[in-house]
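I would like the entire structure built from these sequences, with the hints used as guidance.
Going down the list, the protein sequences come from chains W and V. Per my numbering, the very first residue in the first sequence carries number 1; after that it's consecutive. Per my numbering, the very first residue in the second sequence carries number 1; after that it's consecutive.
Source of the hints: derived by calculation from the structure; they are not laboratory data. There's no promise every hint is true.
Residues from chain V that face chain W, not an exhaustive set, calculated with beta carbons under 10 Å [stated by the list, open to error]: (1) S25; (2) A26; (3) P122; (4) A125.
Quick reminder that beta carbons are idealized off the backbone N, C-alpha and C, glycines included.
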Amino acid sequence: MSGADKIAVTVTDIVPLNELVTRFEFRRTDGGLLPTFSGGAHTVVEMRDGDITRMNPYSLMSDPMDQTAYCISVRRDDEGRGGSLFMHNKVAVGDEMVISYPVNLFSLDLRAKKHLFLAGGIGITPFMAQIKQLERFNCRWELHYACRSKDLGSYADELSAHHPNETHIYYDDQKQAIDLVNLLDGQPLGTHVYVCGPKGMIDWVRNTAKAEGWPREAIHYEEFLAPKPGKPFEVKLAISNKVIQVGEQESLLEAMEREGVDAPYLCRGGACGQCETRVIDYAGNFIHRDHWLDDAEHASGEKIMPCVSRFEGKTLVLDR
Amino acid sequence: MSKFTFPKSITSRPVYGTLEPREGSAHLMIADAEGAEAILDVATPEMMAKAHIIYIPKGEDFEDRLRALKPASFYAGPSYAAAQPRLHKFLADAKMGLQVYLAGTEGLIGQAQSAAMAAGIPHTAIQTEHRGSVARRMQCVHCKGITEDVETDPFVCSHCGLNLFVRDHYSRRLAAYQAVCIDAEDPGNVPEPKGIYE
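Put into structure tokens, the structure is as follows:
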């Protein structure tokens, strides 16, 4: 079985936070304790929606030391492939679901003298758990959180109330924006910056910090990519000796799983590198969407990340 | 000649590069003896306006040439130990964006790197360039005492007096190579000391 080990859970609470975001609480169905995790970890939630099984990663946002329950916050994406809509519309309290053990691809560097968090929108979720972890160890941190409006600022009030000195909220609709260059300038030596949010924000923070002379190791980012729909295509799997069709609404990884091919994965969001697959032959164009392979590898036509990337063309043969 | 090509060794052994100018809010440059030449090579007027130099001459005569670069601050002191309080104060007050350049002997580079790492700079972000003496800072694995500027192999521990073999096994935390007793099984059977790279 690929991916992290699975846990059978029951949905024990559903709390709509605002128009777009709803929080879900899971407890073990067998009544036991969940594993502890580290701030920044995610779980892959299996969604059985009729014939389709979607597996989407969500950051755990509850206290990492709380073994009684896990919480995730799901932002509804009306344009997406349906995972968030399934969570919002079809999941009810009492439902049994399967989630994966926590996997952390966005962990804190605890050597840091100070942790500087930059969140955009739903990108606040990993920081919720990281803040709880750092508070327990009495570490130094500061949060700068940009959201569209007061109504859509999930957890902004809670964070401001509990941590008034550390929390800084910026509302787009009030023309408030993070003054990044000034914020980075003057941070004490040993500060690490963490950014989670839309791609544009991540690129902005990474590039600005780099230009200000911040070491690469002190810049951390997490960007979950949901697989995007695209034109259907056909793939030949050389080891499994199968020819499979990838539908418009499913990813290449999901199509392989549907056909019973045990393909490796971990994050399902183009970040971790687990699902890297060798291309044996192709005639057409790759639509690379991961941020695991570098530009040269993308151009080489030798590798593909089936969790988020697609293909358009006549022939694609994979070593799987 | 202040440059030396070290023979290939185990991965534990530090590898030094050539200093290059980097973008940053400030530049901290620490050198001893002929390490001054590496600073003179990399210095630009723009860099020097934000540069702070800590120099330990060890009998070399580069001080006037370094001062002539007009760095934002300049300090020359008799030893690394004497410069330490100043270095620690500087690092405690420093901000992100600081670039660190270390040049000279392995002992100086290692100790300054260890101080910069403790202040929160990843070791991969610290630039180093070896110049001058190839003497090593050695830790006796038996008594834990450190002997500075070891030029021969074997050598006598300046703390416990054991005859020690010079290894390439290095500790970034201690900023020292390991030295192990060479005549433990046959006391007194000690090879004639020779230069470390001879």
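These are the hints, each one checked on the structure:
Residue-level restraint check for S25(V) holds (minimum Cβ-Cβ distance to chain W is 6 Å; threshold 10 Å). Among the interface hints, the one on A26(V) holds; its C-beta lies about 9 Å from the nearest C-beta in chain W, closer than the 10 Å criterion. A distance limit of 10 Å between C-beta atoms decides the matter here; for P122(V) the minimum to chain W is near 4 Å, and the interface restraint holds. Interface hint at A125(V): satisfied, since its Cβ lies 3 Å from the closest Cβ of chain W, which is below the 10 Å cut-off.
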